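Engineer: Those protein sequences? They're chains A and B, same order as listed. Heads up: the first sequence begins at 1 in this note's numbering, then just goes up one per residue. Heads up: the second sequence begins at 167 in this note's numbering, then just goes up one per residue.
Derived from the structure by calculation, the hints contain no laboratory data. A hint or two may mislead.
[As the list claims (entries may be wrong)] Simulated restraints on C-beta separations:
(1) A:R14 x B:S429: 43 to 53 Å
(2) A:E126 x B:A308: 42 to 52 Å
(3) A:Q82 x B:A214: 42 to 52 Å
(4) A:T136 x B:A231: 37 to 47 Å
(5) A:Q82 x B:S429: 51 to 61 Å
(6) B:V314 x A:R125: 35 to 45 Å
[Stated by the list, open to error] Heads up, simulated EDC-like pairs for lysine to aspartate or glutamate below, C-alpha to C-alpha not over 16 Å straight-line:
(7) B:K266 x A:E123
(8) A:K143 x A:E123
(9) B:K266 x A:E126
Quantities reported herein were computed from a predicted structural model and do not represent experimental measurements. For glycine and all other residues, C-beta sits at the position ideal for the given N, C-alpha and C.
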Amino acid sequence: MRITVNVNGDDHTREVEPRHLLVRFLRDDLELTGTHWGCDTSNCGTCVVLMDGDPVKSCTVLAVMAAGHEIRTVEDLADGDQLDPVQQGFIEQHGLQCGFCTPGMMLTGRALLDRNPDPSEQEIREAISGQLCRCTGYLNIVKSIQWAARNRAEADGVTETAGSQS
Amino acid sequence: MQVPASFDYQRAESVDEALELLRRYGEEARVVAGGHSLLPMMKLRLAAPEVLVDINDLHELDHIALVGDELRVGALTRHRTLLESELVGRYFPIVHDAEKVIADPPVRNRGTIGGSLCQADPSEDLSAVCGALHACAVIRGAGDERIVSMADFHQGPYETAVGVGEMLTEVRLPVLPGAGSAYEKVERKAGDWAVAAAGVALTLREGRISDAGVGLAAVGAGALNLHAVQTLLNGSEPSEALYEEAGRVASDSCSPVTDGRGSAEYKQHLAGELTRRALRRAVARAGRPIGSTAREA
Chain A
1 MRITVNVNGD DHTREVEPRH LLVRFLRDDL ELTGTHWGCD TSNCGTCVVL
51 MDGDPVKSCT VLAVMAAGHE IRTVEDLADG DQLDPVQQGF IEQHGLQCGF
101 CTPGMMLTGR ALLDRNPDPS EQEIREAISG QLCRCTGYLN IVKSIQWAAR
151 NRAEADGVTE TAGSQS
Chain B
167 MQVPASFDYQ RAESVDEALE LLRRYGEEAR VVAGGHSLLP MMKLRLAAPE
217 VLVDINDLHE LDHIALVGDE LRVGALTRHR TLLESELVGR YFPIVHDAEK
267 VIADPPVRNR GTIGGSLCQA DPSEDLSAVC GALHACAVIR GAGDERIVSM
317 ADFHQGPYET AVGVGEMLTE VRLPVLPGAG SAYEKVERKA GDWAVAAAGV
367 ALTLREGRIS DAGVGLAAVG AGALNLHAVQ TLLNGSEPSE ALYEEAGRVA
417 SDSCSPVTDG RGSAEYKQHL AGELTRRALR RAVARAGRPI GSTAREA
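Using the sequences plus the hints, can you model the full thing?
Structural biologist: In C-alpha cells, the structure reads:
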C-alpha cells in the first residue's frame with residue numbers, strides 16, 4: 001500500500017505492507033532511529049511517539065493506520081540548537097542513565113506539559129507509568145520533567161545545548 | 167522482531183461501508199480500532215485474520231451522550247475519553263475507577279470500549295464493569311440493529327454475540343436515580359492485567375439495596391453477572407454482615423485458575439474481598455447528590 005504519513009512536520013510517502021509496524025516505518029524506512037524498539041509486546045513503552053500530540057506505542061500501531069496523521073518523534077524535540085526544556089531537564093537532573101527509554105520518556109513529558117503545564121509529581125508518575133526504565137531511574141526522570149515545567153520555553157530558563165550540566 | 171502474518175487492510179469511511187466490507191470478507195475479516203488486543207495476538211499468531219477493517223475514521227461511533235435515562239457511548243470511544251468525561255464520572259464512578267487501572271496512558275489513548283468488549287477477554291475490566299451496570303450492547307448488521315444485554319453479549323472467552331457481517335456500534339448504560347458504583351482491582355504492577363477485580367453497582371431505595379449488579383474479572387469465564395450475589399443484595403439493608411456474606415457468595419461463584427499471577431485459592435480470596443470493598447464504596451456513593459462522587463479520590 002502507498003501511504004503518506006506526516007512525521008515531524010514533513011509528509012513522507014512510502015510503499016508498505018499492511019503488516020508493517022509504525023516503529024519499523026520510522027526506524028527502517030525514514031531512518032529515524034531515535035525511536036527505540038524494545039519489548040515488542042506493547043509493554044515497555046520505549047517505542048512511544050506522539051500521534052496527533054498523544055503518546056502511543058509505535059510497536060502496536062500499523063504504519064497504514066498512521067497514514068493521514070501527524071507523528072512526532074524525539075528528533076523533532078529540539079528546535080535547531082535550542083533543546084526542548086524537557087531535554088534540558090534530562091541533562092540538568094540526570095534523567096537518563098543507559099538512555100534506552102529516554103526518547104519515549106521525553107516525548108511523554110512533552111505531551112504532558114503541553115496539556116498540563118504544572119503537573120503534580122503524581123500526575124507525572126501516572127503519565128510515564130506505561131514506560132519502563134530498566135535502570136530504575138524514575139526519580140530523576142520525574143525530576144527532569146518537573147525541571148522542564150519550571151523552566152518553560154517562554155521563561156528565561158531555557159539554556160543553550162550541552163555544557164550546562166550542574 | 168514480531169510481525170503479524172500478511173493480511174489485507176481496508177479503511178472504512180462509514181459504518182455502512184465497514185459492514186459491507188465485513189459481509190464481503192465474512193469469517194476472514196476482523197474489525198480493528200485501537201488494535202491493542204488484536205495486534206499483539208496477530209504478532210503471536212493467536213489470530214490471523216485475512217482482512218482488517220479499520221474503523222478509526224468512523225467518528226460517528228466516537229460519542230458520549232445522555233439520551234433519556236441512559237448514557238450512550240459509541241464503540242469507538244477511547245479509554246482516555248471515558249476517563250476524562252465528567253458526564254461518565256458523574257453517573258458512573260465505576261467506569262472512572264476502572265479506567266484509571268486499565269493498561270497505561272499510551273494504551274488508553276488508542277484502546278476503545280468497543281474493542282475491549284468485543285475482545286471478551288475474561289480478564290478485561292470493562293466487561294465486568296458493563297456487566298455490573300446491566301449495560302446493553304447495540305449490534306448493527308445488514309440493514310438492522312439489535313440490542314442485547316451484556317449477559318447475552320458475552321458468550322464465552324473471546325466470544326461475543328457479534329456475528330459475521332456485524333459490528334458493535336454503541337454501549338448503553340442505564341442511569342438510575344440514587345445509584346452508586348465502584349470498581350476494585352488488584353494488579354501486580356501498574357498497567358498489568360488484574361490478578362482479580364470486582365465491580366459493583368446498585369441503588370438505594372428507602373435504605374435498601376435494589377438494582378444490584380456485580381461483575382468480576384480475571385477469575386474465570388462467566389463471572390460478569392453474579393446472580394446469586396445480586397439476589398442476596400436486592401432488598402437488603404446495607405451492613406457489614408451483608409458485605410461479608412456477599413463476598414463469600416461472590417468468592418464461591420467464580421472459578422479462577424492458578425497461573426503466573428497467583429493461585430486459584432488466592433484469586434478466590436481476592437474475589438470475595440474486592441467484592442466487599444467495592445460494595446462498601448458503592449453504597450457510600452449511592453444516594454448522594456449527582457456530581458459529588460466525581461470529586462472523590
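Engineer: Compare the structure with each hint and give your call.
Structural biologist: Hint by hint, here is what the structure shows:
Separated by about 50 Å at the C-beta atoms, A:R14 and B:S429 satisfy the suggested range of 43 to 53 Å. At roughly 43 Å, the beta-carbon separation of A:E126 and B:A308 lies within the given 42 to 52 Å, and the hint holds. Our hint of 42 to 52 Å for A:Q82 and B:A214 holds, since their Cβ atoms are close to 48 Å apart. Range check, A:T136 to B:A231: Cβ separation about 44 Å, and the 37 to 47 Å hint holds.
For A:Q82 and B:S429, the Cβ-Cβ distance of about 55 Å falls inside the hinted range of 51 to 61 Å, so the restraint holds. Against the hinted window of 35 to 45 Å, the Cβ-Cβ separation of B:V314 and A:R125 comes to about 40 Å, which satisfies the hint. A C-alpha spacing of about 12 Å is found between B:K266 and A:E123, which places the hinted pair at or below 16 Å, so the restraint holds. A distance of roughly 12 Å separates the Cα atoms of A:K143 and A:E123; the hinted pair therefore holds under the 16 Å criterion.
Between B:K266 and A:E126 the CA atoms are separated by roughly 9 Å; this keeps the pair inside 16 Å, and the hint holds.
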